[in-house]
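*Asks:* Here is what each chain is made of, one letter per residue.
Number of protein chains: 2
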Amino acid sequence: MNYPNGKKHSATNKEHHLVKKQSFSNRGMTLEEDINVTNQVLHQQNKCVVHKKPTPVQIVKVDYPKRSAAVIKEAYFKQASTTDYNGVYRGRYIDFEAKETKNKTAFPLTNFHAHQIEHMREVVAHGGISFVIIRFQPHNRTFFLPAMKLFAYWERQYKGGRKSIPYQDIVEHGIEMPTGYPVIVNYLSVIDQLFFRMEE
Amino acid sequence: MNYPNGKKHSATNKEHHLVKKQSFSNRGMTLEEDINVTNQVLHQQNKCVVHKKPTPVQIVKVDYPKRSAAVIKEAYFKQASTTDYNGVYRGRYIDFEAKETKNKTAFPLTNFHAHQIEHMREVVAHGGISFVIIRFQPHNRTFFLPAMKLFAYWERQYKGGRKSIPYQDIVEHGIEMPTGYPVIVNYLSVIDQLFFRMEE
Numbered sequence: 001m002n003y004p005n006g007k008k009h010s011a012t013n014k015e016h017h018l019v020k021k022q023s024f025s026n027r028g029m030t031l032e033e034d035i036n037v038t039n040q041v042l043h044q045q046n047k048c049v050v051h052k053k054p055t056p057v058q059i060v061k062v063d064y065p066k067r068s069a070a071v072i073k074e075a076y077f078k079q080a081s082t083t084d085y086n087g088v089y090r091g092r093y094i095d096f097e098a099k100e101t102k103n104k105t106a107f108p109l110t111n112f113h114a115h116q117i118e119h120m121r122e123v124v125a126h127g128g129i130s131f132v133i134i135r136f137q138p139h140n141r142t143f144f145l146p147a148m149k150l151f152a153y154w155e156r157q158y159k160g161g162r163k164s165i166p167y168q169d170i171v172e173h174g175i176e177m178p179t180g181y182p183v184i185v186n187y188l189s190v191i192d193q194l195f196f197r198m199e200e
Numbered sequence: 001m002n003y004p005n006g007k008k009h010s011a012t013n014k015e016h017h018l019v020k021k022q023s024f025s026n027r028g029m030t031l032e033e034d035i036n037v038t039n040q041v042l043h044q045q046n047k048c049v050v051h052k053k054p055t056p057v058q059i060v061k062v063d064y065p066k067r068s069a070a071v072i073k074e075a076y077f078k079q080a081s082t083t084d085y086n087g088v089y090r091g092r093y094i095d096f097e098a099k100e101t102k103n104k105t106a107f108p109l110t111n112f113h114a115h116q117i118e119h120m121r122e123v124v125a126h127g128g129i130s131f132v133i134i135r136f137q138p139h140n141r142t143f144f145l146p147a148m149k150l151f152a153y154w155e156r157q158y159k160g161g162r163k164s165i166p167y168q169d170i171v172e173h174g175i176e177m178p179t180g181y182p183v184i185v186n187y188l189s190v191i192d193q194l195f196f197r198m199e200e
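Which chain is which? The protein sequence lines are A and B, in order. Heads up: the first sequence is residues 1 to 200, going by this note's numbering. Heads up: the second sequence is residues 1 to 200, going by this note's numbering.
Just so you know, the hints here were simulated from the structure itself, not pulled from any lab data. No experiment lies behind these values; they were computed from the predicted model shown. Some clues are possibly wrong.
Identical copies look the same in the list; a pair holds intra-copy or inter-copy alike.
Calculated cross-link-like contacts (lysine-lysine; reagent style DSS-like; alpha-carbon spacing at most 30 Å) [to be verified]:
no.: 1; residue 1: K102; residue 2: K163
no.: 2; residue 1: K163; residue 2: K66
no.: 3; residue 1: K66; residue 2: K102
no.: 4; residue 1: K53; residue 2: K78
no.: 5; residue 1: K102; residue 2: K149
no.: 6; residue 1: K78; residue 2: K102
no.: 7; residue 1: K102; residue 2: K61
no.: 8; residue 1: K149; residue 2: K159
no.: 9; residue 1: K66; residue 2: K99
no.: 10; residue 1: K52; residue 2: K73
no.: 11; residue 1: K61; residue 2: K73
no.: 12; residue 1: K78; residue 2: K99
no.: 13; residue 1: K47; residue 2: K149
no.: 14; residue 1: K99; residue 2: K52
no.: 15; residue 1: K78; residue 2: K52
With the hints as extra help, turn the sequences into a complete structure.
*Replies:* Written out as structure tokens, the structure is:
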């Protein structure tokens with residue numbers, strides 16, 4: 001079976017030694033690739049409509065050659081003012097950012113920009129569902145951390161606190177992401193659990 | 001008073017001859033500029049969180065000069081697979097596209113791509129609020145058209161129907177956008193009227 005992006009899923013030898021739950025997050029794919037495939041699958045399954053926003057680019061110079069497409073000849077990467085992913089699920093606005101770290105013991109808060117945190121605060125204030133997906137590569141574990149929990153760590157760093165979230169705190173306060181196939185990083189099941197359980 | 005983008009609002013002589021209602025959509029600003037300013041003002045007023053998505057670009061070649069920012073040397077514009085604007089308002093997901101036409105009698109459906117219409121359908125199916133903002137430049141009038149109304153015209157063109165929406169139909173089935181200052185294109189008041197009135 002192929003993923004919608006055409007990549008085949010292939011288990012490596014290493015994977016056979018891992019517990020089943022983890023086997024799909026160890027295919028040499030980045031977290032971003034995993035989420036993009038997940039979004040495509042969820043889209044095909046008609047579960048939600050979530051897209052990654054295009055990379056923001058400041059375009060400076062464009063050539064318009066005759067009889068062919070416009071070519072951007074000079075442009076620069078701009079810092080994103082929001083998070084990377086947003087969309088709609090069960091009528092609710094959802095908005096999230098995904099980051100992975102090679103760090104074993106903590107997740108550095110430098111992975112986020114102040115305006116991204118501000119954006120997430122606003123989303124929560126307006127009734128949206130906001131969260132981050134954090135992968136610890138060395139542990140091969142991926143967590144769902146509600147934005148509200150992130151805010152506490154973010155503020156603490158400006159009050160003389162540490163500039164990272166300890167791995168153990170994320171294990172404790174986050175929710176480990178169910179991983180599987182074909183939905184690799186099943187954030188919807190966590191949203192169901194956290195935000196819709198009461199209503200069912 | 002200045003807009004958040006630093007542009008001063010200046011009335012032209014021509015404006016003084018127009019009715020007050022229309023005076024702010026005749027400043028030589030494009031619909032896109034009007035909506036961007038509107039979104040900034042609504043954001044500052046803490047009414048909603050709506051952003052324009054970055055222009056999708058396929059990056060082919062990037063230079064990394066020493067001691068300076070990465071420069072994109074070759075890139076191409078990609079067709080957008082979704083609409084341009086989305087965000088959260090009163091807990092609901094909102095999603096829209098804005099187009100203006102120089103046509104006096106009808107709005108050409110070629111302004112939309114099939115996948116944008118498909119995206120809007122999905123948004124509606126998942127409980128989001130989807131609409132288009134259409135400006136007729138010659139009439140200096142801007143309308144809010146709920147996506148559901150657009151779909152009917154979109155389908156009709158594949159059944160031998162016309163490939164445009166008559167101006168009079170938009171006047172009748174759309175809602176003329178309240179325009180003013182500093183909120184130029186007040187789509188939130190139309191959303192309140194159409195989607196939240198029952199709850200108040």
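*Asks:* It remains to establish, for every hint, whether it holds in the given structure.
*Replies:* Evaluated hints:
no.	hint	result
1	K102 x K163	within (16 Å within a copy, 54 Å between copies)
2	K163 x K66	between (53 Å within a copy, 29 Å between copies)
3	K66 x K102	between (47 Å within a copy, 26 Å between copies)
4	K53 x K78	both (13 Å within a copy, 13 Å between copies)
5	K102 x K149	within (21 Å within a copy, 50 Å between copies)
6	K78 x K102	within (25 Å within a copy, 33 Å between copies)
7	K102 x K61	between (37 Å within a copy, 27 Å between copies)
8	K149 x K159	within (16 Å within a copy, 53 Å between copies)
9	K66 x K99	between (42 Å within a copy, 27 Å between copies)
10	K52 x K73	both (24 Å within a copy, 23 Å between copies)
11	K61 x K73	both (5 Å within a copy, 9 Å between copies)
12	K78 x K99	both (18 Å within a copy, 26 Å between copies)
13	K47 x K149	both (26 Å within a copy, 24 Å between copies)
14	K99 x K52	both (14 Å within a copy, 23 Å between copies)
15	K78 x K52	both (16 Å within a copy, 14 Å between copies)
Going through the hint list in order, the structure satisfies each hint without exception.
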